[in-house]
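**Student:** Letter by letter, the chains look like this.
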Amino acid sequence: MVDYRGQRLSEYVYSILTILFGAIAWVVGYVHQDFLLTFYGWSIGLGLSLLICIPDWPMFNRNPVVWLEEIGKANKSKITSKNS
Amino acid sequence: MHSWTFRLNAIFTFTVTVLAVLSALNALTVAFLDPRPTASIDNVKLQRMPGSGPKQPNANARVMFDMQADLRPLFTWNTKLVFLYVTAEYRTDLNQLNQIVIWDYIVEDIKHAELAVGRLQSKLLPRHHNEYPLIDQGRGIRNAAGPVKLLLNWCTMPIVGVISRQRSGHAEFEFPDTWDKLPHATSNRDD
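Read top to bottom, the protein sequences are chains C and F. Numbering that gives the first Met the number 0 numbers the first residue of the first sequence as 0 and each following residue consecutively. Numbering that gives the first Met the number 0 numbers the first residue of the second sequence as 0 and each following residue consecutively.
These are computed hints drawn from the structure, not numbers from a lab. Hints may be right or wrong, so weigh each one.
Which residues of chain C face chain F? A partial, calculated answer using Cβ under 10 Å [unchecked claim]: (1) G5; (2) Q6; (3) R7; (4) S14; (5) I18; (6) G21; (7) A22; (8) F34; (9) S48; (10) P54; (11) N62; (12) P63; (13) E69.
What follows is a list of derived Cβ distance ranges for each label pair [to be verified]: (14) A26(F) with Y39(C): 42 to 48 Å; (15) W56(C) with R166(F): 55 to 61 Å; (16) L19(C) with R71(F): 45 to 51 Å; (17) A26(F) with N60(C): 26 to 32 Å; (18) L96(F) with Q32(C): 36 to 42 Å; (19) L19(C) with K79(F): 25 to 31 Å; (20) V26(C) with P34(F): 20 to 26 Å; (21) I15(C) with Q165(F): 42 to 48 Å.
Think of the CB as a built atom: it goes at the ideal place given N, C-alpha and C, for glycine as much as any other residue.
Sequences are here, hints too, so could you generate the full structure?
**Tutor:** Following this line, the structure appears as structure tokens:
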């Protein structure tokens with residue numbers, strides 16, 4: 000599972016990638032008067048975002064979440080006897 | 000964003016929204032242009048189609064014409080295709096306006112946007128041009144109020160946006176009194 004810092008990094012990466020590729024592709028399409036070029040550039044941005052941001056890469060797991068200690072055995076038996 | 004399915008959904012939503020914005024900007028850059036293509040029709044000839052006669056008194060005619068059009072101004076990066084068609088219009092006692100499509104053609108890119116049909120046709124159009132007979136509803140066309148008008152219409156279909164329709168080009172002809180006595184057309188199309 001990706002940790003919190005990693006989730007934020009993933010979101011930044013795909014937002015910036017998609018917007019950058021979309022903007023550049025739009026300008027290229029405008030210059031050549033062909034919307035197909037814009038669509039290709041956009042789909043390259045989509046493919047890169049999917050590749051970089053979806054799988055569970057190590058760079059997204061650099062700050063693992065610190066969980067609390069497990070409740071001690073003595074306390075555990077007290078809790079179970081109270082419930083039963 | 001904690002699982003890959005969540006991230007997949009988020010990425011697709013965001014990216015498709017970006018595409019929608021790009022398409023809207025595309026349409027916006029083209030929306031305020033006012034292209035004026037030129038077109039003209041003349042030299043109209045009629046032939047009587049086989050199958051019309053005393054037993055089928057509705058006029059069934061093949062209308063042949065010369066048409067020239069320069070539609071290049073219509074092709075921007077937001078144009079998917081242009082649909083051209085020639086209509087014959089006239090008024091009878093039965094209907095205020097009769098409109099019959101006698102020819103149509105689809106232009107898909109700017110290379111084929113300069114067209115000539117008929118006498119000035121220099122090469123075969125890439126897809127054969129469609130020709131439909133002019134079949135009258137009733138017999139009113141012979142007594143039509145005023146001449147029959149031929150007009151060239153075009154519909155511009157954009158990638159994103161509103162379909163627009165314009166028309167121009169103007170030719171008039173009358174159905175001859177000798178209509179019933181004209182010889183039948185042969186199956187060859189001769190100009």
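**Student:** For each hint, tell me whether it holds in the structure or not.
**Tutor:** For each hint, the structure was consulted:
Of the supplied interface hints, the one on G5(C) holds, with its beta-carbon coming within about 9 Å of a beta-carbon of chain F, less than 10 Å. With 10 Å as the threshold, the beta carbon of Q6(C) comes within range of chain F, its nearest partner Cβ sitting at about 4 Å, so the hint holds. Using the Cβ-Cβ criterion of 10 Å, the hint placing R7(C) at the interface with chain F is satisfied: the shortest such distance is roughly 8 Å. Against a cut-off of 10 Å between C-beta atoms, the interface hint on S14(C) holds, since the closest Cβ of chain F lies about 7 Å away.
The criterion of a C-beta within 10 Å of any C-beta in chain F is met by I18(C), whose closest approach is roughly 6 Å, and the hint holds. Taken as an interface hint, G21(C) checks out: its beta carbon lies about 5 Å from the nearest beta carbon of chain F, inside 10 Å. Taken as an interface hint, A22(C) checks out: its beta carbon lies about 8 Å from the nearest beta carbon of chain F, inside 10 Å. A distance limit of 10 Å between C-beta atoms decides the matter here; for F34(C) the minimum to chain F is near 5 Å, and the interface restraint holds.
About 5 Å separates the beta-carbon of S48(C) from the nearest beta-carbon of chain F, less than 10 Å, and the hint is met. A cut of 10 Å between beta carbons decides the hint on P54(C): the least distance to chain F is about 7 Å, and the hint holds. This hint is violated: N62(C) has a C-beta 14 Å from the nearest C-beta of chain F, more than the 10 Å allowed. Interface hint at P63(C): violated, since its Cβ lies 13 Å from the closest Cβ of chain F, which is beyond the 10 Å cut-off.
Annotation: interface hint on E69(C) violated; nearest CB of chain F at approximately 22 Å, more than 10 Å. The beta-carbon spacing between A26(F) and Y39(C), approximately 19 Å, falls outside the hinted interval of 42 to 48 Å. Judged by the Cβ atoms, the range 55 to 61 Å given for W56(C) and R166(F) holds: they are separated by roughly 59 Å. For the pair L19(C) and R71(F), the supplied restraint of 45 to 51 Å is violated, since their beta-carbon distance comes to about 34 Å.
Judged by the Cβ atoms, the range 26 to 32 Å given for A26(F) and N60(C) is violated: they are separated by roughly 43 Å. A hinted range of 36 to 42 Å holds for the C-beta pair L96(F) and Q32(C), which are about 38 Å apart. The given range of 25 to 31 Å is respected by L19(C) and K79(F), whose C-beta atoms sit roughly 27 Å from each other. Under the hint 20 to 26 Å, the C-beta atoms of V26(C) and P34(F), about 23 Å apart, fit the expected range.
Distance hint check for I15(C) and Q165(F): the Cβ-Cβ separation is about 43 Å, which falls inside the suggested range of 42 to 48 Å.
The structure fails hints 11, 12, 13, 14, 16, 17 (numbered hints given earlier, in ascending order).
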